[in-house]
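Please put together the full structure from these sequences, using the hints given.
2 protein chains.
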Amino acid sequence: MKKRGRKALKDPHHFCVTGGGKHEGYELKGKIWIDGNEGTFLGYGRIALLEKIKQYGSISKAAKSINMSYRQAWRLISSMNRQAGKSFVETQIGGKNGGGTKLTEAGEKAIEQFWRIHKKFKKFLSKEIKNFEI
Amino acid sequence: MKKRGRKALKDPHHFCVTGGGKHEGYELKGKIWIDGNEGTFLGYGRIALLEKIKQYGSISKAAKSINMSYRQAWRLISSMNRQAGKSFVETQIGGKNGGGTKLTEAGEKAIEQFWRIHKKFKKFLSKEIKNFEI
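Chains A and B, in that order, give the protein sequences. Numbering-wise (my numbering), the first sequence opens with residue 8 and increments by one. Numbering-wise (my numbering), the second sequence opens with residue 8 and increments by one.
Keep in mind that a hint or two might mislead.
[Claimed, not checked] Mimicking DSS-like on lysine-lysine, the simulated pairs with C-alpha atoms at most 25 Å apart in a straight line are: (1) A/K61 <-> A/K134; (2) A/K130 <-> B/K130; (3) A/K116 <-> B/K134; (4) A/K130 <-> A/K109; (5) A/K36 <-> B/K109; (6) B/K126 <-> A/K137; (7) A/K126 <-> B/K59; (8) B/K129 <-> A/K38; (9) B/K126 <-> A/K29; (10) B/K130 <-> A/K127; (11) B/K38 <-> A/K126; (12) B/K59 <-> A/K134.
Honestly, the hints are just simulated from the structure, not real lab data.
Right, here's the structure in full:
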């Protein structure tokens, strides 16, 4: 991956901005993320990476699909693993399909819970803009 | 102001990041803003500018206090006025105090409503992190 010079995403949780529907021409928008003991723990970019690892069964393919360097992908995965105190991915070496990487239960749980909160956040935005008027 | 070369804030609503209390070492954080028909209408930076205008009774003093150029302050005020379809500030020329700028009722209302939503957002963040576990 490195030789292609793909640019690492500096602030990966910033790729998703969510809105909750318009009200009289105004839309309440926002973004959320979860901090751990080192700073960002889970955000939209990290979740996208985990989902792509699940989809492709490969960290390098996952990283490539979201235009992230392999190095950056590993940096993010290590950061999540360290802060959670458990691993989010497990890599099988060899086997009939030549190995691959899949998510652990903790990794799956991270995705599920992040989207659960995000969904509620969208509802919050949609509700709060209704009382807004200038 | 311009001669001092103060750097304009590119993305003013990004100056406030809010969190809602920690839960088992994790903190749900986020930011919100309101879009109008031209994009950003109200965000943390614009609200800070309005509050400083209220405090100082002067756009140039307000801008200076938050390290913003006068030009950028005017750009933001015009953007809010246009999108709201009404003025957020009114300038008095002359008078015994040599004039000055104050907020209109719409400007005051914008501040009040933005913080009302922000306060609820903090509560939302604080509540939602309580169900989070990996």
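Checked hints:
no.: 1; hint: A/K61 <-> A/K134; result: violated, 33 Å
no.: 2; hint: A/K130 <-> B/K130; result: holds, 14 Å
no.: 3; hint: A/K116 <-> B/K134; result: holds, 19 Å
no.: 4; hint: A/K130 <-> A/K109; result: violated, 32 Å
no.: 5; hint: A/K36 <-> B/K109; result: violated, 28 Å
no.: 6; hint: B/K126 <-> A/K137; result: holds, 16 Å
no.: 7; hint: A/K126 <-> B/K59; result: violated, 35 Å
no.: 8; hint: B/K129 <-> A/K38; result: holds, 13 Å
no.: 9; hint: B/K126 <-> A/K29; result: holds, 20 Å
no.: 10; hint: B/K130 <-> A/K127; result: holds, 13 Å
no.: 11; hint: B/K38 <-> A/K126; result: holds, 16 Å
no.: 12; hint: B/K59 <-> A/K134; result: violated, 29 Å
Checked against the numbered hints given earlier, this structure breaks hints 1, 4, 5, 7, 12; the rest are met.
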